[in-house]
Structures are given as structure tokens and as C-alpha cells.
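Enquirer: Heads up: the sequence lines are chains X and G, in that order. Taking my numbering, I'd label the letters of the first sequence as residues 11 to 276. Taking my numbering, I'd label the letters of the second sequence as residues 425 to 722.
The set of hints was computed from the structure by calculation and includes no laboratory data. Among the hints, erroneous ones may be present.
Claimed, not checked - Derived Cβ-Cβ restraints for the label pairs, each shown as a range:
no., chain 1, residue 1, chain 2, residue 2, range
1, G, 483, X, 68, 54 to 62 Å
2, G, 581, X, 164, 46 to 54 Å
3, X, 46, G, 586, 38 to 46 Å
4, G, 475, X, 67, 53 to 61 Å
As the structure is a computational prediction, the values presented were derived from the model and not from experiment. By construction, the Cβ of each residue, glycine as well, lies at the ideal position given by its N, Cα and C atoms.
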Amino acid sequence: MIRAPRRAARLRRAGLWGLGWVGLGVAMLVWQVVAVVKHSALFPTFTATVSTLWQMLTSSFVTSDLIPSVIRLLIGFAISALIGIVVGLLTGYYRAVREWTTAFFDFSRSLPTPLLIPVALVLFGLGGTMVVVIIATAAVWPVLINTANATAALEPTLVDTARCLGLRGPALLTKVILPAVSPQIFAGLRVGISVSLAVLVVAEILGGSSGIGFFISSAQQSFQITASYAGVLVLCLIGWVADSLFLLVERRLLRWQRGIVGGVHD
Amino acid sequence: MGGPDKAEKVRASSSREAPDLVAFESVETQVVSPAVMGNFRSRRNVRVRRRLRMAGGVVIAIGLWELVSVTQLVSSTALSSVSATAAAIGSNAGVLFSAVGQTLEAWAVGLAIATVAGVIMGALVGRSRIADALTETLVRMMRPLPSLALIPIAILVAGLGLKMTAGLVAFTSFWPIFINTRYGVAQVERLLLETATTLGLRGLALIRSVVLPAAAPLIASGFQVAVGLALVVTVSVELVGGTGGIGSYVLAAQQGNAVANMYAGIVVGGFLGWVLNTGFAGLFRRLLPWANQREGSE
Numbered sequence: 011m012i013r014a015p016r017r018a019a020r021l022r023r024a025g026l027w028g029l030g031w032v033g034l035g036v037a038m039l040v041w042q043v044v045a046v047v048k049h050s051a052l053f054p055t056f057t058a059t060v061s062t063l064w065q066m067l068t069s070s071f072v073t074s075d076l077i078p079s080v081i082r083l084l085i086g087f088a089i090s091a092l093i094g095i096v097v098g099l100l101t102g103y104y105r106a107v108r109e110w111t112t113a114f115f116d117f118s119r120s121l122p123t124p125l126l127i128p129v130a131l132v133l134f135g136l137g138g139t140m141v142v143v144i145i146a147t148a149a150v151w152p153v154l155i156n157t158a159n160a161t162a163a164l165e166p167t168l169v170d171t172a173r174c175l176g177l178r179g180p181a182l183l184t185k186v187i188l189p190a191v192s193p194q195i196f197a198g199l200r201v202g203i204s205v206s207l208a209v210l211v212v213a214e215i216l217g218g219s220s221g222i223g224f225f226i227s228s229a230q231q232s233f234q235i236t237a238s239y240a241g242v243l244v245l246c247l248i249g250w251v252a253d254s255l256f257l258l259v260e261r262r263l264l265r266w267q268r269g270i271v272g273g274v275h276d
Numbered sequence: 425m426g427g428p429d430k431a432e433k434v435r436a437s438s439s440r441e442a443p444d445l446v447a448f449e450s451v452e453t454q455v456v457s458p459a460v461m462g463n464f465r466s467r468r469n470v471r472v473r474r475r476l477r478m479a480g481g482v483v484i485a486i487g488l489w490e491l492v493s494v495t496q497l498v499s500s501t502a503l504s505s506v507s508a509t510a511a512a513i514g515s516n517a518g519v520l521f522s523a524v525g526q527t528l529e530a531w532a533v534g535l536a537i538a539t540v541a542g543v544i545m546g547a548l549v550g551r552s553r554i555a556d557a558l559t560e561t562l563v564r565m566m567r568p569l570p571s572l573a574l575i576p577i578a579i580l581v582a583g584l585g586l587k588m589t590a591g592l593v594a595f596t597s598f599w600p601i602f603i604n605t606r607y608g609v610a611q612v613e614r615l616l617l618e619t620a621t622t623l624g625l626r627g628l629a630l631i632r633s634v635v636l637p638a639a640a641p642l643i644a645s646g647f648q649v650a651v652g653l654a655l656v657v658t659v660s661v662e663l664v665g666g667t668g669g670i671g672s673y674v675l676a677a678q679q680g681n682a683v684a685n686m687y688a689g690i691v692v693g694g695f696l697g698w699v700l701n702t703g704f705a706g707l708f709r710r711l712l713p714w715a716n717q718r719e720g721s722e
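Only chain G is shown next, with the shape it has when bound in the complex (with noise of 0.2 Å):
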């Protein structure tokens, strides 16, 4: 009896809309094989020798970038070099710190209410089947709508600014953390759930010292998904609106042909991206050592 129940079961929980998928940097959880491990290196040499072959990378990089603007295979005025970048960072240094300051602002503030609104509605929405059921097409409807097509919208309702910014980053980054909230909430094994409601946890107690945990690794993925989407929307308004920040700082200097500049900004966007995502798998690696070990047993 139990059989095609379970079944039924498996069938429906993967037509539902399908969580984002960002792992959890699973390569460098990577176990060493016993082969290498015969080799008698140590785990510490295997990982020294990773470090330097990921800097060596990025050295690589650089020293294409600088071979291609040297010998002119991309014209000077579309490709600066990587001194004159570095030193167009040295000298706007001040500029380009306020800029990510205000880049920071608008998606912090974006950012911080969608993953309040997110985690509540996806949490509730999450327990009750039939509330899933209503809002799955609109969701399937709404995630892929690219909300930056909502940019000259919002600025004719909302006006250039903050709130306009913070605004349109919420509404955009809300999707991934509602969605695998909701997901995780749903997918919480139904033992793990009888056992607690056993033991006598009820209403939000079960919720919050059971089912979060338990989903916190899906939410916690969908939230760095929102990391980076936030400073995707966050930067397009900028380029759109002009409303200041890094996005402005690098239409302007292009309008400009400053492309030193130019350059500059990017780099510093890319870098401010970079902190920001590998913060945060830190972060969630450290706050959420059952994440891995779930992923790692299957």
C-alpha cells in the first residue's frame, strides 16, 4: 500500500517548481582519493599546491589582459591596461569608495526586506499544501519575469532614488528566497516532523527549532542566489538611472572616454561581487555544518 503512495509522492514533489541550485562549493569539499593519497603527499601539500594554482590562474589572467592591450588586439579606446587600471583605482580611490558605499546601501536595504518577506511567506506558504498549489503558476509566471524590465516603471512610479533602488532589489530578490524557502519547508521529512509534534512542539515552536533547520541549507542557498541577483539589480538601475553608485560611476566614465576608468569600476564592482558571494558561502559554511554533510551522504 505504501508503495505507489510514495511514489505519487516523489512525482508530484518534482513537478513543483524546482529550488535554485547553487551549490555549496562542493568541488573543494572534494575527498582526496586514496590514489593520491598513495602518493605520499600530505593533505596539506595538496591543498598549498590548489593555492597556488588558483593564484597562478588569476596571474595567468592578468597577464593576458595586459598582453592583448599591449599589442593592440583590442583598440586603447575600448581596453585599458592593467597599470593604467590599477592606477586610475589608486587615484579615484575616494570616488570609487563612495560609490560602493552607495551601491552597498541600496542593496542591503533591498536585500534585507526581501529576506524577511521571503522566509515568512515561503515558510507559510511552504506548510499548507493547497497554498502551494494556488500560488505555483503564478510563480512560475513571476520567476522568470525579469524584473529589470520593471526599471523605467519604477522610476516613472517611485522617482530616482533610494527607495526606488531598495524597492525593485527586494522585489527581485525576494523570488529565489520565497521559492526554496517554500521548497525546503515542504520537502521536511514528514518522520522528522511526527517525531517533534511526539515530543510536543507545536505551531511555532515546531517551525522554528524544527522545520527552519531543517530547510535552512535550501534557504540558505536561495539567499546567495539573491546576494548576487541584488547587485545585478542593483547595478543596472544605477547604469539605467544614474542615480549614483558603481553602475553610474562605469557608464560615466565611458560616456566620458575615460577607459581607464572605466576599467576601474568593473574591477571594483567585480571585487565588491566576489567579497560579497564568497562571504556569505563562508558564512553559511560555518553557520550551517549540517548543509554539507546532507549533501555529502548522498
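Extracted from the complex, chain X is given alone in its bound form (with noise of 0.2 Å):
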């Protein structure tokens, strides 16, 4: 009885996943079409892409553009995210902190971030260190915001209950605040990762000296243009996988409320 419905779920989902993959063609083919129809210098062809794509994966593009700018990413990316979370969570567990921080915090990540790419050159230099602290300063803010406004809104029985049981400090906090608040944490991370990716990219375009953002750029000024879109690509299939990563990494830590969130929203 519960057996075979499940099945045709899993089978429909492959199918909806498979027509996902579709859609995809599609737009690829609509690429090809449209360039080979231009025929303009400016807009190469999907298949011409790939294969310049091909060529730089053997090239010293992987040791020179490709990984320091993944190892920027993914310093900058963790600097936020701890930074993001501890804050987060004590902004958001103490009220008088989150009022006295409030404006302030309002302010800061409403500033657009690439604003300070030209202080980040000047304190920091060309080179991967501003890209770093670029990309921190830029992804802390949807981590941050997020962890807070969960723990604020956290049901006061929970946290009053726990601490009733003698849970308290860090018990209290890993047992019961963050696994109540880790949705709301990934959803900021997740955010987070597609603004750090966004931001590398201005910040190597502006002051870096190697990097995919630097590789782009230069690629346009010497007239490359099929490089600067495989760069660009380069980047969607960053950003791809590692959303993809984080989608599964989430589903397996937060396997044990899935069920209670569904159970409780429809």
C-alpha cells in the first residue's frame, strides 16, 4: 500500500530531474543556433566554447587561474561563514547585543561590497589576500543576518524547557539553538557561496594579478573572446557543483528534520 506509490514518487522525480536535463539541452542548443546564425566575433558558438573550455583544463590555466582562485573562494568563504554564525548566534540569542548592533549591521551590508575593493587595494595590495578579505566581507553578511534572525525568533519554550532539564552554555547551544536554527544557517550559507563566487570575480578583475576573474578580463583585452566566455563558464560549473555539494552536504545533516518541518508546514 505504501510501497507502491513510492516507487511511482521516485520514478516521477527521475523523470521531472530527467526533463530538468532537457531544458538544459535546449538552452545549449538555442546558444548554437543563435551564434551560428549572427556569425559575429563577438558571440562564439556553444560547441566552439566547450572546446576552448577542453584546451585550457591541459593548460596552465588549472595551476595558475583556476586554483588559487578556488582556494580564494573557499578561505574567504569559511572566514564568513564562522564569523556569520558565531555572530550571528550571539546577536540573535541576546537582545540588548542585537540593538545595540542593529543600525550598524543595516548599514554595513546594505553597503555594496565591491565599494571597497579600492580600500582593499590600498591596504592590502594586488593579489589574493584583498580577493580574500573581499570575499569574507561580502558573503559574512547573508550568513550573519540569517543565523540571527532565526535564533531571535527561536520559540522561548524551547530554550526555556532545555534549560529547565539543567541544559546549559555550550550544551544548551549545540544540543538545542543550532539544530533548531541550522536551516536558516544553510539557507544563508548557500547564499553566501553564490555571493563570495560573484564577488572573486570583481575583485580579480580589479586587483589581482592571476585568478578566473583576471583570466577573464585579460582574455577581453587581447581579444579572446571564445577564452572570456569559457571563462565564464568555468565559473557557472564552480558555482554548480559547489551548490550541489551543499545541497547534499544539507540534506544529509538535516535528514532528521525533514520530516518534522514537512509534517508541520503542509
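Combine the two chains into a complex, taking the hints into account.
Expert: Structure below.
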């Protein structure tokens, strides 16, 4: 009775998933057709871009641009995640801290981070450190705000009950609060990843001496348009891989609360 | 019979692309707990205290800035003092004002295009399961695509100018609006739809008076993400392309070693972002009073 619908459901999910890839294929086809019809030097075909990408993956691009970018991304994102979660928990949990910081945080997160790139250039010069700092400053906000909002909106009964049962300090934090707010933390982290990737490029265009952003802009300046497009494609793939890994980890870590949340919401 | 089917729906919907999350300042609307009320403090006092603390936080931040600059913790070639920055804002008010105007123009044009396109396409795709599935992978690839990486290509294809900036802004801001509309429209309760259909609403009327209002809170939060994103894109294009506006102003100041002017531009840019963010948040709180209620009831 339960088994049959479940299998049907799985089949249907697989079908929907397949349709997603069909949609992607259609988009690539459209790109190809439009590029062939337009026949412009500024708009290479999809196949030309992919073959350039293939060549790049066996060239020095990997060691001199791709890997440095990925390392900067990981370090910057890790810093922002750590700061965002810790400060978010503090501001969410203590009303006074929240009130003192609200206005300042509101302003800081509204400030478009790329504006800070010139400052970072002055402070850290050209290169990787500056890029990492910019990533961390940009990506910290979605994590921090999501964590703080979720912690502040915690059911008071939950915290009070845990306290009555003798949970205090670190135990209260790791056993009750963190699990309760983890879905929102994950949502924030996911936004943070795409923010990291976005500012990585601008920072590298403006002040990198290596990296994918640097590669894209120098390819454009030397009129290697196809390489420029291929660079964007690389970023697209990195973003997609990061996002998929993220969903995978989230699904595994938050498996326990899927049933609960689903049950309550539906 | 309804049990497993329902469970499947939940799973299917949660495997779908999640919308961008922006809380409507849920902190602000938090109900004061009875324990606090028991202190004989009126709600108004609590609110006044909150305002004071918020202002205090800003004062402390400015004080720290001044302290760091006076003690030369960060050298004066990289950080100007508060007073010097304020003076720079004052003496460059005219230039800054026109820079802000230029930035806002590209921002507004791009965002307007993105909103119209995003809501219409999101509503169409969200209403159809097949269209939804067809676009799923594409959206998952496009969403994390840092469209800022397209700046060099856009400059080459469209040249420097409003058309290029606004186009890039529109492309970037389209995604959060589209994704949230699609998700919001697909999430409208079936009971609501069936009731409306029974009452004779169909087609456009159904979408306009039932589907869109029900999806409005999510659309609004997608729009709010787009507001910030559009500003980031505009400023980035200005930084990279030197097309005028607040981004170019800051970069030019840095290149000319005018530290105070650089910070003046940053403060003004931050203020611009803050006004846009809080302005739209307030507007939506007023326009969509049911948005928070739904959040609060769960």
C-alpha cells in the first residue's frame, strides 16, 4: 500500500529531473543556433566555447588561475561562515547585543561590497589576500543575518524547557539552539557561496594578478573572446558544483528535521 | 490514500530550487515576552530603549573608526578620519549627488526590466509543472553564475554606457525575482485555487486576484534581494568600466590618492544602499500586511 506509490513517486521525480536536463540541452542548442546565425566575432558558438574550455583545462590555466581562485573562494567563504554563525548566534540570542548592533549591521550589509575593493587595494595591495578579504566581507552578511533572525525567532518555550532540564552554556548551544536554527544557517550559507563567487570575479578583475576573473578580463583585453566565454563557463560550473555539494551536505545533515518540518508545514 | 501522496508532494517541493530567503525584519516584530511585560515597562519604553541602543551602536562604530584613524592603527594613506570624510562629503556634495543620480538611473532601469520579466515568466512557469521541471536545472546553473563575470564581455558587446549597465543589472536581478515568483506561484495552496475556481475565477482573473496576492510575500522578498544585487552590479560595472556613478568616483579617488574622497564615496554608497533596502522593506510591510502574519502563524 505504501510501497507502490513511493516507487511511482521516485519514478516521477526521476522524470522531472530528466526534464531539467532536457531544458538545459535546449538552452545550449538555442545558444548554438543563435551564434551560428549571427556569425559574430563577439558571440562564439557553444561548441567553440566548450572546445576552448577543454584546451584550457589541459593548459597552465588550471594551476595559475583556476586553483588560486578556488582556494581564495574556500578561505574567504570559510571565514565568512565562521564569523557569520558566531556573531549571528550572539546577536540573535542576546536581545541587548542585537539592539546595539542592528543599525550598524543594517548599514554595513547595505553597502555594496565592491565599493570596498579600492580600500582593500590600498590596504593589501594586488593579489590573493585582498580577494579573500573582499569575499569574507561580502559573504558574511547573508550568513549572519539569517542566523541572527532564526535565533531571535526561536520559540522561547524551547529554550526555557531546555534550561529547566538543566542544559546550559555550550550544551544548550550545541544540543538545542544550533540544531533548531541550522536550516536557516544553511540557507544563508548557500546565498553566501553565490555572493562569494560574484565578488571573487570583480575583485580579481580589479586587483588580481591571477585567478579566473583576471583571466576573463585579460582574455577580453587581448580579444580572445572565446576564452573569455569559456572562463565564464568555468565559473558557472564551479557555482553549480558548489551549490550541488551544498545541497547534498544539507540533505544529509538535516535529514532528521525534514520529516518534522514537512509535517508541520503541510 | 492521501497520506503517502501528500508526503511525496512535500519531498518534491523541497527538492525544488529554494527561494532566496530574506526575512522581513522578523526581529523587529517579535512579540515582547510576558516576562518583560511583567517589569512594568510599557511597550513604548522598550521601543525607545531599542532606538537609543541602535543609535548608540552607530555612535560607537563611528567612535571606533575615529579612534583607529587617530591612533594611526591603520595608516592615514588607507583610512581617513571621520571629520575629514565628513568634510569631503560636504565639499564634494555636488559631484557626489550627480554620481548617485547616475548610479540610480542604471539601477532603476535594469531593476524595472527584471521585475516585469521576472514576475511574468515566473508566474507562467510556476503554474505549469512541466515548465517548472524543464527550467529547473537551467536555473540551478544560472543562479550561482556570477553575472559580474560577464562585465568584460558585456563591455565588448554593448560598449560602455547605460544600455550595457542596465542590461547587466536586469540580467542579474531577473533571477531572484523569477525564482521567487515561480516558487511562490507553485506554492499557492490547492484549496485556495479550487475555491476560487469554484467561484468562477479563471485565467487572468484567477492569477491577478488569487495567485499573485498569495505569492506576493515571496515575490517581494525576491525583489528585495534584487534591490541589493542590482546596486552591487551597477557599482561593479562602474568600478570596472569607469562609466561614471559612485563606483567610478570611489575608484578615481583611490587612484588619485584622495583618501577622504574615497571614504566619502563609500559612505554615500552605503547610505544609498541602506535607504533603498530599508525603504523597500518598509514599503512592503505596509503594502503586504499579510506577509508577516503568515510567517508569524507558523
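Enquirer: Honestly, which of those hints from before does the structure not fit?
Expert: 3
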